[in-house]
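Visitor: Sequence:
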Amino acid sequence: MKSALRIAAAAIGLGAVLSGAPAFAQDKEPAMTGKTAMGPVLTDAKGMTLYVFDKDGAGKSACNGPCATNWPPLMAPASAKPMGKYSVVTRDDGSRQWAYNGKPLYSWAKDAKPGDTTGDGVNNVWHVAKP
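Going by mature numbering (1 follows the signal peptide of the UniProt record, and there is no 0), the letters in the sequence shown line up with residues -25 to -1, 1 to 106, in that order.
Hints in this document: simulated from the structure, not taken from any laboratory.
Heads up, some of the hints might be wrong.
As the list claims (entries may be wrong) - The following label-pair restraints were derived from C-beta to C-beta distances:
hint: 1; residue 1: 76; residue 2: 3; range: 26 to 34 Å
hint: 2; residue 1: 99; residue 2: 52; range: 31 to 39 Å
hint: 3; residue 1: 69; residue 2: 41; range: 17 to 25 Å
hint: 4; residue 1: 8; residue 2: 57; range: 14 to 22 Å
Ideal Cβ positions, reconstructed from N, Cα and C, are used throughout, including at glycine.
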């Protein structure tokens, strides 16, 4: 009986893939709210603090190349669609990035664990993303 259930589940999953149905929920927001010493902030799926960059224009990332190495963008899949306060911006290299209230979102390479906010205030242009 268990093998029949596994086969049925596999067939349903394969059917979803073949039909083009998403393998994950499309209505799930790309960021969560986490608790830090600075209060609530937006976090990625791993619980790492997200940041915004003052030099970004609305709907446009100004952080590319070495900047994006230190401040990895919160990448969006090709199938991502705007939802609520979240939108998708196209980066200079053609990849897609999540934005919140029009501001592209980034993590900070020097944050070591969830709840860290060491990127806040860097060069007076990086700030934690607040919900």
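Visitor: Next, verify each hint and record whether it holds.
Guide: Hint-by-hint comparison with the structure:
no.	hint	in the structure
1	76 / 3: 26 to 34 Å	18 Å, violated
2	99 / 52: 31 to 39 Å	33 Å, holds
3	69 / 41: 17 to 25 Å	19 Å, holds
4	8 / 57: 14 to 22 Å	19 Å, holds
Of the numbered hints given earlier, the model fails hint 1 alone.
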